[in-house]
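Following the hints, put chain B in place on chain A, whose structure we already have.
Residues per chain, in single letters:
There are 2 protein chains.
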Amino acid sequence: MRKYRLMAPGPTPVPEKVLLKMADTIIHHRTPQFQAVLTGVNEKIKKVFKTQNPVFIFASSGTGAMEASVVNLLSKGDKALIIQGGKFGERFGEICRAYGVLTVNYDVVWGEAARADVVKDLLKENSDIKAVFSTLCETSTGVKNDIKEIAKVVKETSAVLVVDAISGLSADELKTDEWGVDVVVCGSQKGFMLPPGLAFLSLSEKAKKLIERSDLPKYYFDLKAALKSYAKNDTPWTPAVSLIMGLDSVLDMMLEEGMDNVLLRHARLAEATRGGIENMGLELFAKSPSNAVTAVKVPEGANGSAFVKKMRDEQRITVAGGQGALKGKIFRLAHLGYMDEFDTISALSATSIVLKQLGCNIEPGKAVAKAEEMFSR
Amino acid sequence: MRKYRLMAPGPTPVPEKVLLKMADTIIHHRTPQFQAVLTGVNEKIKKVFKTQNPVFIFASSGTGAMEASVVNLLSKGDKALIIQGGKFGERFGEICRAYGVLTVNYDVVWGEAARADVVKDLLKENSDIKAVFSTLCETSTGVKNDIKEIAKVVKETSAVLVVDAISGLSADELKTDEWGVDVVVCGSQKGFMLPPGLAFLSLSEKAKKLIERSDLPKYYFDLKAALKSYAKNDTPWTPAVSLIMGLDSVLDMMLEEGMDNVLLRHARLAEATRGGIENMGLELFAKSPSNAVTAVKVPEGANGSAFVKKMRDEQRITVAGGQGALKGKIFRLAHLGYMDEFDTISALSATSIVLKQLGCNIEPGKAVAKAEEMFSR
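Quick note, the sequences are listed as chains A and B, same order. Residues in the first sequence are numbered from 1 upward in steps of one, following my numbering. Residues in the second sequence are numbered from 1 upward in steps of one, following my numbering.
Chain A on its own, in the form it takes in the complex (with noise of 0.2 Å):
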């Protein structure tokens, strides 16, 4: 018996209560029991997204609701900057083009955080530029971006900010608001702690406006359906009931933790891990870090695909490798969600034994020491 634990950036562990809650028997949508549960999970997870606007809930995994934000808010021929250093950043472009929309790209090299000056140098050089895309944790890289400041750059435009915090939000601050962010991007499997299958996307007054001129082609993504929806606490299409009763879940837990002790949590976990991480010899990758995940240079002479796959057969934990160009050489813990200290030390302590194992000169001991120093101040 070894039990299974699950420490990717996403999906996520769901909590015991979580999926019971799932497991109750599915009522109608179209009822007033259910319109209940969907108006207080509108109310509830504005105080998540950090905003006064209405955050809509698709069934689709978090790219649909990248698709949603460039179909809806863009036209045939507009020019958008596409902050990307990383696969999830790129994706965005791949969306863009997917559909017509010119693609300005900002290459951060991976690892490194976009920087808002040169973000503002963009769109001083592209003054037609309609939405700039970010990602706030860059999943493939755990670079956390610095969103509020790129979001100071763009609301100086008439250009809207699009961020992806699919794996970001809740363990990275994140002032929808108070920054000015137009539209952010989640999805369900990952602070939000449940299984995969929904996505939200919150729409500020400015990015409402574009929707109106917005000549892209679109049906179920369509926000305007949404909107109408919405205004009667309904969804266009029939919603994933479980899931949005598992939402309703999840909501009440984050709101009484309160989403400062959620973010705190999240930074107290990164902390540990990176503290024990470099106590162990390593070397982190991303320059400025997420707290959702953490990317780890595979130690020279080690093998990268080895050591996710002992960690997955014989220790029962399933840590992320590297994506494209990063593949073998990081390996990625996350700390995302359903997550508390022990959860950090058993990834820390696995990854010390399986190292070891893998020949690396690993001293045991040392990751969990540094983190044990850390939880006890």
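If you are wondering where the hints come from, they were derived from the structure by calculation, not from laboratory data. Check before you lean on any hint, since a few could be wrong.
[Unchecked claim] Footprint (simulated), chain A over chain B, 3 or more residues, beta carbon under 8 Å:
(1) 89-101
(2) 113-120
(3) 135-147
(4) 218-232
(5) 253-263
[What the hints assert, rightly or not] Lysine-lysine pairs mimicking DSS-like chemistry, simulated, CA-CA at most 30 Å apart:
(6) B:K44 with A:K228
(7) A:K87 with A:K155
(8) B:K287 with A:K21
[As the list claims (entries may be wrong)] Every beta carbon over 12 Å from chain A, so not counted as near; a handful from chain B, in silico:
(9) N53
(10) G304
(11) F342
(12) S376
Ideal placement from N, C-alpha and C gives every residue a C-beta, glycine not left out.
Just chain B now, with coordinates in the frame of chain A:
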């Protein structure tokens, strides 16, 4: 205490053991464990669809798969024939027009089935039609279309036939390959006995060829990406893990019962419902009724909305009212998915009680008497 009974044509009840299966620990989707599940699911679902071709699984509601059928098979300015005799047939037309596809409409009188000879004439008059869209069961009217005959006609042309079998599959016969249906679209919350959140799409070789030339923009629902992932038993985007675990479980249930028996059970429940309804003096709405849902004309003098409301609030039974032009004029009793004889008995009994309360001239027990007679044969 009164139990909740879900008797609308979707969502439908979910078996308890499936609810518990979905409440098991969430595993990562890029693991050998999940891949083994998906490999099994991909094979088993073909048997339910009666096809040798791939069946793609989307994290979306059924409308998403309807959109996928349009945006992957057609190009801007292409012509499509829309067989519409209800709300869901019309939806295909809406999606086509949203993407710049020209639509030729075959307006079937609501409550009647589409005629294959009319389809034939329309295809002759419009030899440039690239795709024909139809429903198997038109959920809004309870009509079953004769897909076998329609397929015969379409097969003679270069057009492909797309069938929305969202509410019909597993209740009404659909021999996808044998009849030559190119694309079948379905959803999880109907005959599949799952919560909403998954959509399915089967793809023939003839339809696959259209994907290559299609120039409509798409990303989330891109079948080229889906095909590439499918070959590796993977999905392009994060799949709805818990729902797919449930899918694995319901597919086992359906194949254990045997698809022929599943169809016979639905036929038996539908016939008893129709028999009971007529025996209490009510009139059926659909001329060619589906075995998924029975549409009943609201009797003269009764208030259709009051009936649905009393069923819901006093009997705790969700049935469906009429949609669009049929609002208040019909109600719909589903016998779809996880349903047996005593669910039908309960539905008929509650209908009898509530209509009598609403002042209709109903003789208690008449509806159930007929059903009992049919069930005891």
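Going through the hints against the structure:
no.	hint	result
1	89-101	holds (count 5)
2	113-120	violated (count 0)
3	135-147	violated (count 0)
4	218-232	holds (count 5)
5	253-263	violated (count 0)
6	B:K44 with A:K228	violated (39 Å)
7	A:K87 with A:K155	holds (26 Å)
8	B:K287 with A:K21	violated (41 Å)
9	N53	holds (23 Å)
10	G304	holds (15 Å)
11	F342	holds (17 Å)
12	S376	holds (30 Å)
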